[in-house]
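There are 2 protein chains.
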Amino acid sequence: MTNMRRIAKEAGVGIATVSRYINNTGYVSDELKKKIEEAIERTNYRPNELARAIFNRNSKIIGLIVPNISNPYFNELALIIEEVVSKAGYSIFLCNTNDELEKEQHYINVLQGHRVAGIITVRSRCKEEYTFLGVPVVSFESVISDEIVTVATDNVKGGKLAFNHLYECGCREIVHVSGPIYSSAITDRCNGFLKEADKKQITIDLLQFDTDFQRKMLESNIRALEDIEKYDGIFVFNDIAAATVIRYCQLKKVKIPEEVQVIGYDNSYIGEFLYPSLTTIEQSVQEVGITLADVVIRLIRGEEVQEQRISIEPRLIKRETTKLQNNSVQGV
Amino acid sequence: MTNMRRIAKEAGVGIATVSRYINNTGYVSDELKKKIEEAIERTNYRPNELARAIFNRNSKIIGLIVPNISNPYFNELALIIEEVVSKAGYSIFLCNTNDELEKEQHYINVLQGHRVAGIITVRSRCKEEYTFLGVPVVSFESVISDEIVTVATDNVKGGKLAFNHLYECGCREIVHVSGPIYSSAITDRCNGFLKEADKKQITIDLLQFDTDFQRKMLESNIRALEDIEKYDGIFVFNDIAAATVIRYCQLKKVKIPEEVQVIGYDNSYIGEFLYPSLTTIEQSVQEVGITLADVVIRLIRGEEVQEQRISIEPRLIKRETTKLQNNSVQGV
Chain V
1 MTNMRRIAKE
11 AGVGIATVSR
21 YINNTGYVSD
31 ELKKKIEEAI
41 ERTNYRPNEL
51 ARAIFNRNSK
61 IIGLIVPNIS
71 NPYFNELALI
81 IEEVVSKAGY
91 SIFLCNTNDE
101 LEKEQHYINV
111 LQGHRVAGII
121 TVRSRCKEEY
131 TFLGVPVVSF
141 ESVISDEIVT
151 VATDNVKGGK
161 LAFNHLYECG
171 CREIVHVSGP
181 IYSSAITDRC
191 NGFLKEADKK
201 QITIDLLQFD
211 TDFQRKMLES
221 NIRALEDIEK
231 YDGIFVFNDI
241 AAATVIRYCQ
251 LKKVKIPEEV
261 QVIGYDNSYI
271 GEFLYPSLTT
281 IEQSVQEVGI
291 TLADVVIRLI
301 RGEEVQEQRI
311 SIEPRLIKRE
321 TTKLQNNSVQ
331 GV
Chain A
1 MTNMRRIAKE
11 AGVGIATVSR
21 YINNTGYVSD
31 ELKKKIEEAI
41 ERTNYRPNEL
51 ARAIFNRNSK
61 IIGLIVPNIS
71 NPYFNELALI
81 IEEVVSKAGY
91 SIFLCNTNDE
101 LEKEQHYINV
111 LQGHRVAGII
121 TVRSRCKEEY
131 TFLGVPVVSF
141 ESVISDEIVT
151 VATDNVKGGK
161 LAFNHLYECG
171 CREIVHVSGP
181 IYSSAITDRC
191 NGFLKEADKK
201 QITIDLLQFD
211 TDFQRKMLES
221 NIRALEDIEK
231 YDGIFVFNDI
241 AAATVIRYCQ
251 LKKVKIPEEV
261 QVIGYDNSYI
271 GEFLYPSLTT
281 IEQSVQEVGI
291 TLADVVIRLI
301 RGEEVQEQRI
311 SIEPRLIKRE
321 TTKLQNNSVQ
331 GV
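Each protein sequence line maps, in turn, to chains V and A.
Numbering of the first sequence is given in the UniProt record's numbering, commencing with residue 1 and proceeding in unit increments.
Numbering of the second sequence is given in the UniProt record's numbering, commencing with residue 1 and proceeding in unit increments.
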């Protein structure tokens, strides 16, 4: 309200000049620019960056939309992305959608309203909402459109790795706990797993979890595993869900890995804290985070990004929930 | 740049009028206001909310500054706060400081620049940075100034509860793993614990972790626990650090709770996933989150908040890492 007047007074220039400067609506000489900038500095008035962002689409904020910050994989990812973008002078506006489509749409509007420089969206449920934003967008896992760069691990291959490891460890009665079906990454893992099982003529039982992680899962979906004793191998679609499954086995006094072997997916930090520690398929959070941050910064700078689909290699991380000891990559 | 011109053209008014309207720097008749607003609507141009926020301090964003979103307690807290404020029409701009003072200062500037309606700051290291913001601030754990409302559990009492439980479980050779000394909440826990031990004439060994949670902790601080075998009880300053300690005991084949009993602090979700599951002191994340959100919204609305120090009662959650079975509150 009076801020612009105050700056004008402080700088000894007219308010129209300050307005032209802040809103970039006309010529302001270098001399006056300097005076205004110094006045802004002195009055500790900070809207210029933001005001410029409004009209020039040039804020130093990158929006990061994640489905659930409680998933250890997503929160590690957020930390890595922040580390990379902050070195390039950007801050992260972190939005948590709780896996709700409406919340994601809401946050896209909020980010657009705040004129973010770019958006990184993780396991998005939106499509056209991103396509007309006029803001660089990079997607992790979900394919949004032909124009938007998608980074994903090769989830089909990851599912294959998981099956082959359980098979080599001697499992023949296997159940796969899969996750929300709207996620192509999760269905890809499932498909790779089933395909490989089919080659070995092993029939896989399937269980569906409605969510990748919520505390309620402990009390609802997990009951579907009532007859867990009849299996000798379980592949769970991510680590935090695997932690829930392991805890459930322990409550039922089913021994891991002696009676049932378990493999997760992600290689998030929770795997190391579990006892026994979790064998899993790594989708390198470091590599994924750096790639996402790098691509969005390049797009913001107007550089060309050649590949529209960037694939990250999955990798087996052998720990204690499966038996085979040789050929392994040991975690901490 | 051209946006304001475009709106002016669309509305059939002069660019100076649009500027006066957006920047609130002079009189605009109701008739012209309506024309401009309709033009903004038609051009799908969304700066008005933001432009108004700049000059009227009235955005619908609440900044939430946390030291480390990887700490399960802080990420549950973020989810709860978001749930509450979103019902009141606000969104959360989540900032992760990685426990770095400079990063916290930087994010305070960013939030101020984006004219957030209020700030919730968790275990802050800043003081005067918050006092001249002109934005409602609520603090969790850290006392910032007399004017800023602080919400905290009674950490001295929590420390006392932890000692008394270990004592009742038969522990006499006890070590306390404490955390970063800049946190008054953590030193309060320590002091309450030591005070109660003193009453029973038990000497407590002290160990200091530099951080409440980072993966590196696994490789550095933990080595200080080399002679873990000589203790029969450990109180760790939070759950995620307790998870690290438990994992270390397991690697050293020290049995929990048979040989050493462990109690954490927080009651974050990780405690239920551990095996054995973690006995801990709860500082209800639900109660803390709702209180923080409620206070900041009341302050934003200009309502008075009577108490400057709001204390949340801690509570013992008995699980499997300690022995005593009666008088217990069982977790899942």
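Take the hints with a grain of salt, since some may be wrong.
Since the list gives no way to pick one copy over another, a pair counts as held whenever it fits inside one copy or between any two copies.
As the list claims (entries may be wrong) - Using 20 Å as the maximum straight-line C-alpha spacing, the simulated PhoX-like pairs for lysine-lysine come out as follows:
| no. | residue 1 | residue 2 |
| --- | --- | --- |
| 1 | 103 | 34 |
| 2 | 103 | 60 |
| 3 | 230 | 252 |
| 4 | 9 | 35 |
Think of the hints as simulated: they come from the structure by calculation, not from any bench.
Computed from a prediction, not measured in an experiment: that's the story for all the values here.
Here's how the hints hold up against the structure:
1. 103 / 34: neither (42 Å within a copy, 28 Å between copies)
2. 103 / 60: Close across copies (15 Å), not inside one copy (23 Å); limit 20 Å.
3. 230 / 252: Answer is within; shortest intra-copy Cα gap is 13 Å, inter-copy 33 Å.
4. 9 / 35: within (11 Å within a copy, 31 Å between copies)
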